[in-house]
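*Asks:* Protein chains in written order, with the numbering used here: chain A, 340 to 562; chain B, 14 to 483.
These aren't lab readings, by the way, just hints derived from the structure by calculation. This structure is a prediction, so every number in the text was calculated from the model and none was measured. Treat the hints with care, as some may be off.
Here are some, though not all, of the chain A residues that point toward chain B, as calculated from beta-carbon distances under 8 angstroms [to be verified]:
(1) F353
(2) A366
(3) R367
(4) F415
(5) S419
(6) R433
(7) G454
(8) D459
(9) N464
(10) G524
(11) Q551
(12) W556
(13) P559
From the three backbone atoms N, C-alpha and C, an ideal C-beta is built for every residue, glycine too.
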Amino acid sequence: MEPFKTHRGRLALFDWRDVNTDLIIPARYLKRIERTGFGPLLFADKRYAPGGAPEADAPDQHGPLAPDFPLNAEAFQGASILVVGRNFGCGSSREHAVWAVMQGGYRAVVAPGKGEGFADIFESNAYNNGLLPIELDPADWAILAQAVRDQPGTAEATIDLTAQTLTLHADGAKGSAFAFETPEGQRHRLIQGLDAIAETLAHDAAIRRYEQSAPAWLAPQPA
Amino acid sequence: MATTLFQKIWDRHLVTSSEQANLLYIDRHLVHEVTSPQAFDGLRLAGRQARRPDLTVATIDHNVPTDDQLVIRDPLSKKQIETLRANCREFGVTLHDIASGRQGIVHVIGPELGLTLPGTTIVCGDSHTSTHGAFGALAFGIGTSEVEHVLATQTLWQGQRPGSLGVEITGRLAPGLEPKDVILAVIRAIGTGGATGQVIEYHGSAVRALSMEGRLTICNMSIEAGARAGLIAPDDVTIAYFTDQDRPFAPKGKLLEAAIADWRTLVTDDPTAFDRNIVLDASSLAPQVTWGTNPAMTVDVTGVVPSPDQTPFAAPADARRALEYMGLVPGTPIDQIAVDVVFIGSCTNGRIEDLRSAAHVMKGRHTAPGVRTLVVPGSEAVRKQAEAEGLDRVFTQAGAEWRQSGCSMCLAMNPDRLEPHQRSASTSNRNFEGRQGPLGRTHLVSPAMAAAAAVTGRFTDVRKLLDPRA
Ligand code: SF4
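Please build the complete structure, drawing on both the sequences and the hints.
*Replies:* Set out below in structure tokens:
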């Protein structure tokens with residue numbers, strides 16, 4: 340996994356509430372057995388004009404974009420920090436949603452409400468792929484969102500994962516550094532870019548001990 | 014200190030733990046074709062094995078055609094299914110394949126085969142893994158990286174222990190009301206993010222009165238309220254599930270006795286142990302119908318399509334978008350909304366009791382002109398059972414299609430799907446935009462309500478169709 344220490348990038352705003360993973364990546368695209376190729380499929384049923392969404396096996400071939408889909412705004416092209424509404428990523432466990440967001444060019448997603456910004460599984464999936472899910476205090480989030488509305492295309496932010504701050508760079512936003520929290524284990528893993536499996540295998544002796552203590556009834560019986 | 018059932022299961026599965034990083038042992042890992050290929054690939058790339066293939070079980074469900082499971086026309090579906098077969102062979106994982114007699118939706122076959130046991134931890138790369146919590150197991154969905162992690166280590170890292178939410182269902186369900194109505198009412202009450210970061214335990218008299226099938230329906234949709242998992246403490250009903258019927262992989266004889274003695278200890282000491290407890294009276298419920306594009310957008314069948322500024326968990330702009338997508342006008346009585354398709358099936362409502370309940374309503378009636386009705390058993394075992402009871406003939410005589418098992422029209426990954434703008438009454442769990450096919454319009458209901466919609470061609474209060482003397 341690519342380490343995440345600090346990141347500066349442009350902000351894009353997609354402030355719908357309860358955006359589910361079927362919307363982020365429709366089910367038919369889950370037929371892909373690769374981890375790649377999901378970028379053009381991000382929000383496919385909203386992002387392209389009717390009939391324009393690509394086929395699962397040819398993600399790069401698509402029709403024209405839908406003019407009113409928020410993320411199609413010219414100002415948001417090339418943004419790498421996605422500001423989203425509450426309960427983002429609810430619904431299915433599909434990690435393809437995180438792959439699509441990352442392959443769509445984003446390194447971090449910023450939602451309002453501590454413990455409410457992201458659905459649980461989406462949040463774990465994000466951490467496991469090096470996409471940083473940031474939950475801001477709703478008042479801070481509102482300032483950030485307003486700055487993107489007011490200055491689309493120029494509003495930027497710097498995320499410092501060690502300090503756990505997001506600093507807004509926009510006219511009139513001098514010194515707006517917002518604090519966020521990332522669980523210690525996840526922060527460590529992200530900053531180091533660690534492979535979780537290798538780390539877990541260091542606990543092999545403990546896992547073995549645990550397995551030896553399991554009651555006999557727990558094992559699946561020969562059917 | 015009073016402890017919750019969830020905490021007891023959590024504590025007994027800790028391999029190592031600190032406040033923020035807990036390594037949980039996983040007793041059962043269920044696998045399906047959609048969320049596993051990249052995980053097996055990851056193992057291969059790193060030269061790793063599956064640590065406990067004996068605790069790992071796979072089946073094929075999402076991509077399976079339900080008219081003829083053996084004829085898979087879509088080359089991508091076929092490739093995904095063949096990839097799972099090859100991976101199971103390579104890594105030594107048991108696969109309940111098509112035509113094995115044991116195939117079915119992963120959350121239907123787990124209990125049926127006796128793989129799901131009280132007190133265990135169960136994961137699957139699928140959010141509806143919460144279903145298995147009905148047995149008093151800690152069961153939750155994981156992403157593909159975590160699937161790879163569990164395959165390699167049989168453990169999973171978790172952050173801080175989630176909070177606990179007690180959902181107490183009091184009273185009793187009136188005729189025509191079903192577990193599906195209960196869970197829709199719960200989600201309607203707390204919102205799709207109402208239990209984020211928490212584990213729900215359902216308890217109370219109405220829960221105790223439910224069969225295992227009903228409990229599975231309720232726990233299945235815990236994720237629709239954002240919950241990490243949902244569970245129900247095991248009791249006599251749970252134990253009878255293992256003693257009264259053959260569950261191939263479950264413990265038997267002395268082992269089962271030992272297991273039962275343990276399962277009897279799996280209770281929440283008292284309700285004060287929950288971080289929060291909410292109460293819902295089952296007696297007061299009317300049949301539920303979703304009107305919008307998430308499962309909290311729900312009303313009584315006796316109600317009307319709400320106005321966008323009267324929706325508790327959606328901003329007016331979101332609600333307006335939902336109404337527009339659904340092609341609905343505020344103020345329209347729910348029972349005036351006509352349907353094109355009825356889908357009875359899925360891991361929420363594809364078990365034998367669900368089919369019995371739908372058949373009860375459809376018996377001696379015929380589907381309304383122009384309404385396509387699919388009845389899809391959740392597993393091949395459910396299919397056999399239903400056929401033994403003659404339910405298939407009730408459905409086909411009513412003009413419905415009796416199909417083979419799979420996820421079917423729950424999600425648009427196999428040939429069963431809605432055409433753009435078609436409206437469905439569906440017993441599945443998600444009414445998200447495009448879930449049943451691009452631009453399809455999904456209304457979630459119980460099996461009895463779906464059957465009522467099939468025979469009348471619109472949403473109908475099923476209580477009006479039930480014989481008052483029955
Ligand atoms: S029936 Fe639907 S919800 Fe259940 S596992 Fe299949 S696709 Fe998922």
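*Asks:* Would the hint on F353/A be counted as holding, given a Cβ-Cβ threshold of 8 angstroms to chain B?
*Replies:* 12 angstroms, violated
*Asks:* With a cut-off of 8 angstroms, does the beta carbon of G454/A approach a beta carbon of chain B closely enough for the hint to hold?
*Replies:* 5 angstroms, holds
*Asks:* Have a go at the R433/A hint: is there a Cβ in chain B nearer than 8 angstroms to its own Cβ?
*Replies:* 7 angstroms, holds
*Asks:* Does the CB of F415/A sit less than 8 angstroms away from some CB of chain B?
*Replies:* Violated, about 19 angstroms.
*Asks:* Against chain B, with CB atoms and a cut of 8 angstroms, does the hint on D459/A hold up?
*Replies:* Since chain B brings a Cβ to about 5 angstroms from D459/A, closer than 8 angstroms, the hint holds.
*Asks:* Next item in the hint list is G524/A. Is there a CB on chain B closer than 8 angstroms to its CB?
*Replies:* Nearest chain B Cβ about 4 angstroms off; hint holds.
*Asks:* Against chain B, is W556/A within 8 angstroms by beta-carbon distance?
*Replies:* The hint holds - W556/A has a Cβ within 8 angstroms of chain B, the shortest such distance being about 4 angstroms.
*Asks:* At a threshold of 8 angstroms, is the proposed contact between Q551/A and chain B supported by beta-carbon distances?
*Replies:* Because about 12 angstroms separates Q551/A from the closest Cβ in chain B, which is outside the 8 angstroms limit, the hint is violated.
*Asks:* Given R367/A as an interface hint, is its Cβ closer than 8 angstroms to any Cβ of chain B?
*Replies:* 6 angstroms, holds
*Asks:* Let's test the interface hint: is any C-beta of chain B closer than 8 angstroms to that of P559/A?
*Replies:* The hint holds - P559/A has a Cβ within 8 angstroms of chain B, the shortest such distance being about 4 angstroms.
*Asks:* Interface hint check: N464/A, Cβ to nearest Cβ on chain B, cutoff 8 angstroms. Holds or violated?
*Replies:* At about 4 angstroms, which falls below the 8 angstroms cut-off, the nearest Cβ of chain B leaves the hint on N464/A intact, so it holds.
*Asks:* With 8 angstroms as the cut and Cβ atoms as the points, is S419/A at the interface with chain B?
*Replies:* 21 angstroms, violated
Checked against the numbered hints given earlier, this structure breaks hints 1, 4, 5, 11; the rest are met.
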